[in-house]
Amino acid sequence: MLPALLPLALLVEQIPMLLFSLPLVVAASLIFAATHHESPAAISRATLEWLAWLGGILGVVLLAVLILGAI
Amino acid sequence: MGKRTPPVTPVSSQRRIVAVSPDDGAAIDLRQPEVAAVLAWLVPGLGHLYQGRTRKGVLFMTVVLTTFVVGLWLGNGRVVYASWRPHDTRWWFACQAGVGVAALPAVVQAMAINGPSREPFWVAGWMTPPLHDGQLVSRRYAERLIQTDPYIEADDFWDRPPAKQFRADQLSMWHHELGRFFELGTLYTVLAGMFNMLIIYDAWAGPMRMVDRTAAAADDGEATATPAQSE
Chain A
1 MLPALLPLAL
11 LVEQIPMLLF
21 SLPLVVAASL
31 IFAATHHESP
41 AAISRATLEW
51 LAWLGGILGV
61 VLLAVLILGA
71 I
Chain B
1001 MGKRTPPVTP
1011 VSSQRRIVAV
1021 SPDDGAAIDL
1031 RQPEVAAVLA
1041 WLVPGLGHLY
1051 QGRTRKGVLF
1061 MTVVLTTFVV
1071 GLWLGNGRVV
1081 YASWRPHDTR
1091 WWFACQAGVG
1101 VAALPAVVQA
1111 MAINGPSREP
1121 FWVAGWMTPP
1131 LHDGQLVSRR
1141 YAERLIQTDP
1151 YIEADDFWDR
1161 PPAKQFRADQ
1171 LSMWHHELGR
1181 FFELGTLYTV
1191 LAGMFNMLII
1201 YDAWAGPMRM
1211 VDRTAAAADD
1221 GEATATPAQS
1231 E
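Sequence lines, in order, name chains A and B. Numbering-wise (our numbering), the first sequence opens with residue 1 and increments by one. Numbering-wise (our numbering), the second sequence opens with residue 1001 and increments by one.
Each hint should be verified, as a subset may be incorrect.
As the list claims (entries may be wrong) - Partial pick of chain B residues on the chain A-facing surface, computed with a CB cut under 7 Å: (1) Lys1056; (2) Leu1059; (3) Val1063; (4) Met1194; (5) Leu1198.
Said to hold, decoys possible - Ranges of calculated distance between the beta carbons of each label pair, as one might list FRET restraints: (6) B:His1175 - A:Ile57: 39 to 49 Å; (7) A:Ala9 - B:Trp1073: 22 to 32 Å; (8) A:Val25 - B:Glu1177: 23 to 33 Å; (9) B:Thr1062 - A:Pro3: 47 to 57 Å.
Because the hints were derived from the structure by calculation, they are not lab data. Each residue gets a CB set at the ideal place from its N, CA and C atoms; glycine is no exception.
Could you build all of it, start to finish, from the sequences and the hints given here?
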């Protein structure tokens, strides 16, 4: 179990902002979803969509930075 | 964007405005949108509670205030301050002020320390702008800083009766003390204020709508059609 988490721990140590940005991504997804919808079911569904979008965009940027940093 | 329609019932004494839910087309009673918007700015979510949209109100209040408080905690209470001095204009405060009452003490503190008393209104120093080199402060505030701030010593002040003159840069001390947490705290509190700007719009005009690109393109095509295309 612990060896499997090692790469993740190394990533978090290398990029400390990563850990602190995750709650902000969740909060932003919630706010974006709730300001575009009214019913709880639609808000829940839209929150997951926003999470995928924001997480995907930030993940691609992070990946690009990691690749550029490794070159 | 939320669709605003005229009052549904001709009630002369109280104006009522409704928005249409993008999910099921149901009417959303916005009551008096201007009042709701002001309440939403003062306390995040309060505008929605006023409109009877309780779940959204509680959700907004929880998310925005939690984000703001976590940001303050990360920044040790120093990341929210108002300053409009030439070399230390705190532009971030324009966004932080979006959370309303929770950020207003920063304005009071800034006006007080730059006023004749030369000390913050709440001497504990909460949300007070950092002292800059050459700034005059009251003796009481200087002594409090010497006692409570591990980075400030008695030698950091010149004696300028009846005041004391600071001769260091407190903002640099804060950056040295907090490191990256100064930026993190700033980011959290700024985003909390920006989130609330979206919430104020939701209280004023109802849920925003995603633009239907197909319909918009069709409308644009009709609107911009040249005579030749029309023929």
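To see whether the hints hold, each was checked on the structure:
no.: 1; hint: Lys1056; in the structure: holds (6 Å)
no.: 2; hint: Leu1059; in the structure: holds (6 Å)
no.: 3; hint: Val1063; in the structure: holds (5 Å)
no.: 4; hint: Met1194; in the structure: violated (9 Å)
no.: 5; hint: Leu1198; in the structure: holds (5 Å)
no.: 6; hint: B:His1175 - A:Ile57: 39 to 49 Å; in the structure: violated (29 Å)
no.: 7; hint: A:Ala9 - B:Trp1073: 22 to 32 Å; in the structure: holds (24 Å)
no.: 8; hint: A:Val25 - B:Glu1177: 23 to 33 Å; in the structure: holds (28 Å)
no.: 9; hint: B:Thr1062 - A:Pro3: 47 to 57 Å; in the structure: violated (37 Å)
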